[in-house]
Amino acid sequence: MKKVKYLVALLLGVLIVTGCQGKDQTKTMVCSRTINQEQASMDLSYTVTYTGDYVEKVESIEKVTSTDTSALNSYKEEIEATYKPYANIKYYDTEVTVDGNTLTSKVTIDYSKIDYKEFTNIDSANSQIFTSDGKVKLETMESLYEQIGATCTKK
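Counting in the working numbering, the sequence shown runs from -17 upward without gaps.
Be aware that one or more of the hints could be misleading.
[To be verified] 25 Å max Cα-Cα, derived PhoX-like pairs, lysine-lysine:
1) Lys72 with Lys119
2) Lys45 with Lys58
3) Lys58 with Lys136
4) Lys99 with Lys137
5) Lys137 with Lys58
6) Lys72 with Lys58
7) Lys117 with Lys136
8) Lys136 with Lys95
9) Lys45 with Lys117
10) Lys39 with Lys117
11) Lys99 with Lys45
12) Lys72 with Lys88
13) Lys9 with Lys137
14) Lys58 with Lys117
15) Lys39 with Lys66
16) Lys72 with Lys99
17) Lys99 with Lys88
18) Lys119 with Lys99
19) Lys66 with Lys9
20) Lys136 with Lys66
21) Lys99 with Lys39
22) Lys119 with Lys137
23) Lys45 with Lys137
24) Lys95 with Lys39
25) Lys88 with Lys9
26) Lys39 with Lys58
27) Lys117 with Lys95
28) Lys95 with Lys119
29) Lys66 with Lys99
30) Lys137 with Lys117
31) Lys136 with Lys99
32) Lys58 with Lys88
33) Lys117 with Lys9
Hints are computed from structural coordinates only; laboratory data are not their basis.
All chains should be modelled from the sequences, with the hints used to inform the complete structure.
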């Protein structure tokens, strides 16, 4: 009898734990695009971490490969100037490097923690991705990446 009670309690515990995890599991969507031109090629990759319908974090890696290193260095300066206004925003991290013939730009934004009002004050165009309560819907992010020609896959 004790074994039956133990097994029932164990099964109930498993059902409660797995039942609570089913809907709110963190998932990943990867959006990517490759662009090849005469002077350069670009590999764009965006990894979106989300729970339910809302984005938690986006990690962007954009790589530009070119034999014209002076163009890469100019591009690096332009990217850094674009990111500069966001330098003091918590949960918005950037890194731009040139290694040989490849420029790599990495941006990580934790949308679940970022001060969205501060973020949108820098550029009002940023407000298009946020809901009125400061969240980012997955479908909005997916649509933005598809508009630039990226293909998105949910894992």
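Exercise. Keeping to a limit of 25 Å between CA atoms, is the pair of lysine 66 and lysine 99 held or broken?
Worked result: Roughly 17 Å between the alpha carbons, so the hint for lysine 66 and lysine 99 holds.
Problem set entry | Agreement of lysine 99 and lysine 45 with the hint, judged by alpha carbon distance not exceeding 25 Å | This hinted pair is violated, its Cα atoms lying about 30 Å apart.
For this session: For the pair we were handed, lysine 99 and lysine 137, check the Cα-Cα distance against 25 Å.
Result: violated (31 Å)
For this session: With a cut-off of 25 Å on the C-alpha distance, tell me whether lysine 39 and lysine 58 pass.
Result: holds (24 Å)
Exercise. CA of lysine 72 to CA of lysine 119, is that 25 Å or under?
Worked result: holds (20 Å)
Exercise. Are lysine 119 and lysine 137 close enough, with their CA atoms no more than 25 Å apart?
Worked result: holds (17 Å)
Exercise. Straight-line Cα separation of lysine 99 and lysine 88 no greater than 25 Å?
Worked result: holds (23 Å)
For this session: Sort out whether lysine 39 lies within 25 Å of lysine 95, counting only the CA atoms.
Result: This hinted pair holds, its Cα atoms lying about 9 Å apart.
For this session: Quickly compare the C-alpha distance for lysine 136 and lysine 99 to 25 Å and report which way the hint goes.
Result: The given pair, whose Cα atoms are some 29 Å apart, is violated under the 25 Å limit.
Exercise. Given the hint that lysine 45 pairs with lysine 117, does the C-alpha gap stay at or below 25 Å?
Worked result: Not OK: lysine 45 and lysine 117 at ~28 Å, beyond 25 Å, violated.
Exercise. Taking only the CA atoms, is the gap from lysine 66 to lysine 9 under or equal to 25 Å?
Worked result: Violated - the C-alpha atoms of lysine 9 and lysine 66 are around 30 Å apart, more than 25 Å.
Problem set entry | Hinted pair lysine 88 and lysine 9, Cα distance within 25 Å | Roughly 21 Å between the alpha carbons, so the hint for lysine 88 and lysine 9 holds.
Violated hints for the displayed structure, listed by number in ascending order: 3, 4, 5, 9, 11, 14, 19, 20 and 31.
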